[in-house]
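Undergrad: Residue numbers for the sequence shown follow our numbering, beginning at 36 and rising by one.
Treat the hints as calculated values from the structure; they're not laboratory data.
Note that the structure is a prediction, hence the values are computed from the model and not measured.
Mixed in with the good hints, there may be bad ones.
[To be verified] When the alpha-carbon atoms are kept at most 25 Å apart in a straight line, the in silico DSS-like pairs for lysine-lysine are as follows:
#1 230 to 208
#2 213 to 201
#3 297 to 218
#4 219 to 119
#5 119 to 75
#6 119 to 274
#7 272 to 201
#8 274 to 219
#9 219 to 71
#10 218 to 71
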Amino acid sequence: MKKKVIKVVLIILLVVCVLTFTYSTIKIFMWNEDNKNTDKEVDDIINSTIVEETNETNNVEIIGENETLKTDTKKQSIYWSYIKMNLINVDFTDLKKKNKDTKGWIQVSGTNINYPFVQAKDNKYYLTHSFEKKYTDAGWVFLDYRNDINNLGRNNIIYGHARLNKTMFGTLKNVLTKDWYNKKDNHVIKLSTEKENTLWQVFSVYSIKTENYYITTDFKNDDEFKTYLDTMLKRSKFKFDANVNVNDTVLTLSTCHKTDEKIVVHAKLIKRETR
């Protein structure tokens with residue numbers, strides 16, 4: 036009787052091992068296929084889209100200039116170096132033909148992030164769909180459904196998966212390294228939309244257990260928004276040379292980190308150009 040029990044247990048263990056191996060093999064195969072398809076899609080987009088730097092025009096607006104002058108009368112703040120940076124301008128003609136959900140283009144200095152971003156009616160669809168709307172675990176970079184890219188709110192959020200092959204937001208983790216932080220020119224994010232090109236100055240980077248507070252989009256009043264900004268500043272792994280107040284417009288980037296953590300970047304709008 037004892038031998039039969041042992042035999043049954045061994046058979047069960049063998050079956051479990053075979054099923055686990057089979058499942059793992061399938062997942063690895065699917066992951067590799069997702070990577071290949073994503074790489075191809077990214078290459079096609081990069082090769083067919085004109086992304087160019089722009090020279091300053093009369094349509095440029097400097098954000099927060101008065102506030103900075105009050106605290107940095109000698110213009111010693113790095114803010115003034117960032118203001119001189121070129122914006123990016125993107126031709127969205129082909130992108131809109133491929134996907135009408137296209138809302139803009141994002142470049143994050145010191146990372147591989149250089150993609151068009153999209154927006155759906157919820158924050159689920161592009162977790163599992165590519166730019167071409169094909170099913171994939173790689174997903175795509177997307178704007179929070181609560182935001183309006185043509186009418187920026189106080190907190191505007193863009194998400195992307197942290198892919199191990201460094202696509203999507205796979206290199207956003209760079210912001211937590213001293214190498215990234217020590218290169219001051221990395222502390223900017225550039226966006227281009229059909230209506231305007233914008234420049235954003237990073238003021239906070241951190242990793243945190245998954246929560247919803249940092250992706251708040253609606254604030255009852257200035258005091259609530261100030262509390263939010265103060266919290267984001269305190270969370271930052273590094274100290275940035277950036278003044279932040281309730282008059283600022285915030286861009287938040289979010290991606291997964293480990294099983295139950297997120298990597299988060301916050302930046303404030305400092306320059307915009309009407310197209």
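Undergrad: Each hint: holds or not?
TA: Do the hints match the structure? See the list:
1. 230 to 208: At roughly 30 Å apart (the allowed maximum being 25 Å), residue 208 and residue 230 break the hint.
2. 213 to 201: Holds, at roughly 19 Å.
3. 297 to 218: holds (23 Å)
4. 219 to 119: holds (14 Å)
5. 119 to 75: Between residue 119 and residue 75 the Cα gap is close to 35 Å, so the pair fails against 25 Å, i.e. violated.
6. 119 to 274: holds (22 Å)
7. 272 to 201: Between residue 272 and residue 201 the Cα gap is close to 22 Å, so the pair holds against 25 Å.
8. 274 to 219: holds (12 Å)
9. 219 to 71: Violated. Residue 219 to residue 71 sits at ~33 Å, over the 25 Å cutoff.
10. 218 to 71: violated (32 Å)
The structure shown violates the earlier hints numbered 1, 5, 9, 10.
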